[in-house]
Amino acid sequence: MNTGQIISGAGHLALIGWALFGGVFRAEPLPFAVTDVTAISGEEYAALIAPQTAPETAVDIAAPEAPEVEESAPDLGSGADDQPEITQPEVAATPPPDTRPEVTEVTPPAEAEVSDEAPELTPPAEDTAVLVPDVAPEAQPQDADRVAPEPVAQPEPDTQVDDVVQPETVPDQAADTPREETDATAPEEATTEIVTEAEEPAQAAPSRSLRPQTRPARPEPQAETQTAQQAPDEPAVDNNAVDDAVAAAIGGAETGTATPSGPPMTRGEKDALRVAVQRCWNVGSLSTDALQVTVVVGVTLDSAGKPTSIKQLSATGGSGGAVSKAYEAARRAVLRCGANGFDLPRDKYDHWRDIEMTFNPENMRIK
Amino acid sequence: MMKRFLTLLMALTLLAAPLAAQSPGPLRIEIDEGVIEPLPYAVPDFVADTGAAAELGRNIARVIAADLSGTGLFRELPSEAFISQITSFSSPVQFADWKAINAQALITGAVSVDAAGKLVVRFRVYDVFAGQELGQGLQLVGTQDGWRRMAHKVADQVYSRITGEGGYFDSRVVFVAESGPKDARSKRLAIMDYDGANVKYLTDSSSIVLAPRFSPTGDRILYTSYETGEPRIYELNIGNVSRRVLQTQAGTMSFAPRFGPDGQTVIFSQTQGGNTDLFSMNLATGSSTRLTSAPSIETAPSFSPDGRQIVFESDRSGTPQLYVMSSGGGEARRISFGQGRYGTPVWSPRGDLVAFTKQSKGRFHIGVMRLDGSEERLLTASFLDEGPTWAPNGRVIMFTRETQGASGRASLYSVDISGRNLKPVPTDTGASDPAWSPLQN
Chain A
4 MNTGQIISGA GHLALIGWAL FGGVFRAEPL PFAVTDVTAI SGEEYAALIA PQTAPETAVD
64 IAAPEAPEVE ESAPDLGSGA DDQPEITQPE VAATPPPDTR PEVTEVTPPA EAEVSDEAPE
124 LTPPAEDTAV LVPDVAPEAQ PQDADRVAPE PVAQPEPDTQ VDDVVQPETV PDQAADTPRE
184 ETDATAPEEA TTEIVTEAEE PAQAAPSRSL RPQTRPARPE PQAETQTAQQ APDEPAVDNN
244 AVDDAVAAAI GGAETGTATP SGPPMTRGEK DALRVAVQRC WNVGSLSTDA LQVTVVVGVT
304 LDSAGKPTSI KQLSATGGSG GAVSKAYEAA RRAVLRCGAN GFDLPRDKYD HWRDIEMTFN
364 PENMRIK
Chain B
687 MMKRFLTLLM ALTLLAAPLA AQSPGPLRIE IDEGVIEPLP YAVPDFVADT GAAAELGRNI
747 ARVIAADLSG TGLFRELPSE AFISQITSFS SPVQFADWKA INAQALITGA VSVDAAGKLV
807 VRFRVYDVFA GQELGQGLQL VGTQDGWRRM AHKVADQVYS RITGEGGYFD SRVVFVAESG
867 PKDARSKRLA IMDYDGANVK YLTDSSSIVL APRFSPTGDR ILYTSYETGE PRIYELNIGN
927 VSRRVLQTQA GTMSFAPRFG PDGQTVIFSQ TQGGNTDLFS MNLATGSSTR LTSAPSIETA
987 PSFSPDGRQI VFESDRSGTP QLYVMSSGGG EARRISFGQG RYGTPVWSPR GDLVAFTKQS
1047 KGRFHIGVMR LDGSEERLLT ASFLDEGPTW APNGRVIMFT RETQGASGRA SLYSVDISGR
1107 NLKPVPTDTG ASDPAWSPLQ N
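Residue numbers (our numbering), protein chains in the order written: chain A, 4 to 370; chain B, 687 to 1127.
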């Protein structure tokens, strides 16, 4: 045994000894709560539980005496009751009857002028203050040729109609650089819904309280991970995780799809694109049958955001001519608003080169 | 074994997940809000092959524009805005010039007069932004006097190719022309194009006439006349203006007739002994069948497009309401439940809606509802609106509006079933009781 072995042995022994007795493997005690208790004697405990014993059952219970019944009728007196004071509610003044139309073949509208409804009572002022909030009358949608998601006020008479609001500029003689003269532009007047002649005015008080909108459903994970080769409408029915993973891995390897450059499209960027397209999606000239059709359109854009190809991928809710007209309206929307290129982030071109746009007219049928 | 399988599963999942997440599948967006506005279009004057046809080319283009813009679904772009002109029917269209003025549809055409003196009209419709033709070019041949009808037919084609539903421009309206003061008003039957042109009178004003109704082929009219002092139903042939009275039971009053879709069956109201019920008559045999026998008033019947059902007005519940029953009679089902009085129901040519007159709170309305009474929509409101009639495509309703007072005048109005585009129909005299014909052949 040489010196090195002795030193090594001693060292190992010291280390093992320190580990065993030095508390290396000793776990820290778990934290615990401490509660003060008071010890009591057996007599005290018996006294404590004594009231909890069941009471003895009472057998003889005296019945309460019945109240005396007075058989004689009360003296009602012979005088007539005073007429109670009844205050008649104020009746709204009845409007003068309409002049009867002089049409012999028409049933005269005489009965319609008699109202069966109870007269409306004017509530006291204090109740008004308590029950009805001071709400300004709800604005009626104005009558306009154009119905759009957002109302637009009528532009000034000399203003040109354009999607962009731009004030009029005039040449400024004092400026260092001459400024180009441009006309003022503003979007065309629009209302949010069709107002018929028979529309009644809106009530001042809200009919129901506003509820927070439900959170939109999360997008299907499969929609985000769908490969380029997968058919757009193919339902994802295979839930086998192994198969999915293998298919995705093999699919990616076989197709050799390039990883898209740049970060993914944000929700705001997608919304901006959606708003841009819906501004040009005019369903006003579609038939009621075509308004039943939801059409999915595949759009390919060039790097400037201009459509290079548009094709119908699928359609539901109609057939024949109705589908054709629904697709043509969708195509017009893409071509019109994409004529100068959609405003999309250039560094994310791989994400928006191919777009599937679903045109769903459900909200536009009765507007 | 199980352990190795799980290991493989995890490894593959970890390997594939990043690849799948980064695969550049198409971006998906859903468009569920759009705009409803008239579609801008351009219709330059039709090119004339001869000098004589130049005016016709211009007039035909104007009638087409009036038809399309009159629907409220289209907006004509003024010719002053045109960048390029159509000088030849066969020349290629410069779509960029029409895109620049936001013309979404372009109608081009040519007019010529052939050796036999016939008017030849050719036209094409283009989807400007798609840069392609909608449908195929079409040629119409007719008499020069019939240039308005040819223009209406072109407009019907354009309307159909853009909207996907049939047009209604090549149709006519029969109505009661009224003249004179309210207390001594004379009435006679008249017929005109749907737009108020080409008015012709079918009867004189010697007796009161009411409620004319077209046959399904548009060649005959049923109407009610007080010629004998009592209301009787007459059938009038438009072609030769000959007429005959429908023989109903003696001592009865008959009125409110309407053709069935077969053109041979007529339903009408008949009053006997103070009770009014519905009857059906076969025009060929003259035999009548009683359809209702309630002590209440049943009137204003209208067939469904397939002829299997009837919608009518009855006060059996106490106030006039709308009911539907089999065209052979039987139990009726009430479909109107709103407040007010309902009357003069008319079944839509498409079969999906019923138009009606409603009286409520001292005002009259024209409205539509579904056959189960749902989705009631009041389209108008005035002192007196009544008597709706459907356009052949079921998209537009025409009706009578009468103004208040001793000098009140009856006139015709039309409105889209959405409630938009409410407008008067031009007539030279007072007009009431319109009935819209089917599309002409």
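Rather than coming from a laboratory, the hints here were simulated on the basis of the structure. Heads up, some of the hints might be wrong.
Unchecked claim - Subject to a maximum C-alpha distance of 25 Å in a straight line, what follows is the list of computed SDA-like cross-link-like pairs (lysine to any residue):
id: 1; chain 1: B; residue 1: Lys-1109; chain 2: A; residue 2: Gly-308
id: 2; chain 1: B; residue 1: Lys-1047; chain 2: A; residue 2: Glu-200
id: 3; chain 1: A; residue 1: Lys-309; chain 2: B; residue 2: Ser-974
id: 4; chain 1: B; residue 1: Lys-785; chain 2: A; residue 2: Glu-191
id: 5; chain 1: A; residue 1: Lys-314; chain 2: B; residue 2: Gly-821
id: 6; chain 1: A; residue 1: Lys-351; chain 2: A; residue 2: Asp-305
id: 7; chain 1: B; residue 1: Lys-785; chain 2: A; residue 2: Ile-9
id: 8; chain 1: A; residue 1: Lys-314; chain 2: B; residue 2: Ala-786
id: 9; chain 1: A; residue 1: Lys-314; chain 2: B; residue 2: Lys-1109
id: 10; chain 1: B; residue 1: Lys-785; chain 2: A; residue 2: Ala-279
id: 11; chain 1: B; residue 1: Lys-785; chain 2: A; residue 2: Arg-282
id: 12; chain 1: A; residue 1: Lys-273; chain 2: B; residue 2: Lys-1109
id: 13; chain 1: A; residue 1: Lys-314; chain 2: B; residue 2: Asp-813
id: 14; chain 1: B; residue 1: Lys-785; chain 2: A; residue 2: Pro-266
Remember, predicted model here, so these are calculated numbers, not experimental data.
Checked hints:
As the CA atoms of Lys-1109(B) and Gly-308(A) are separated by approximately 43 Å, the hinted pair breaks the 25 Å bound. Distance check on the hinted pair: Lys-1047(B) and Glu-200(A) sit about 15 Å apart at the alpha-carbon level, within 25 Å; holds. Pair hint Lys-309(A) plus Ser-974(B) does not hold up; C-alpha atoms about 69 Å apart against a cutoff of 25 Å. As the CA atoms of Lys-785(B) and Glu-191(A) are separated by approximately 18 Å, the hinted pair is consistent with the 25 Å bound.
A C-alpha spacing of about 18 Å is found between Lys-314(A) and Gly-821(B), which places the hinted pair at or below 25 Å, so the restraint holds. For the hint linking Lys-351(A) to Asp-305(A), the alpha-carbon distance of about 12 Å falls within 25 Å, and the restraint holds. Distance hint between Lys-785(B) and Ile-9(A) is unfulfilled; the C-alpha atoms sit about 99 Å from each other, more than 25 Å. For the given pair, Lys-314(A) sits about 24 Å from Ala-786(B) by alpha-carbon distance, which is consistent with the 25 Å threshold.
A C-alpha spacing of about 39 Å is found between Lys-314(A) and Lys-1109(B), which places the hinted pair above 25 Å, so the restraint is violated. Between the alpha carbons of Lys-785(B) and Ala-279(A) the distance comes to roughly 18 Å, so the proposed pair stays at or under 25 Å and holds. Distance hint between Lys-785(B) and Arg-282(A) is fulfilled; the C-alpha atoms sit about 17 Å from each other, no more than 25 Å. Distance restraint check for Lys-273(A) and Lys-1109(B): the Cα-Cα separation of roughly 42 Å exceeds the 25 Å cut-off, and the hinted pair is therefore not satisfied.
About 16 Å separates the Cα atoms of Lys-314(A) and Asp-813(B), which keeps this hinted pair within 25 Å; it holds. Restraint check for Lys-785(B) and Pro-266(A): the C-alpha separation of about 35 Å exceeds 25 Å, so the hint is violated.
Of the numbered hints stated above, those contradicted by the structure are hints 1, 3, 7, 9, 12, 14, listed in ascending order.
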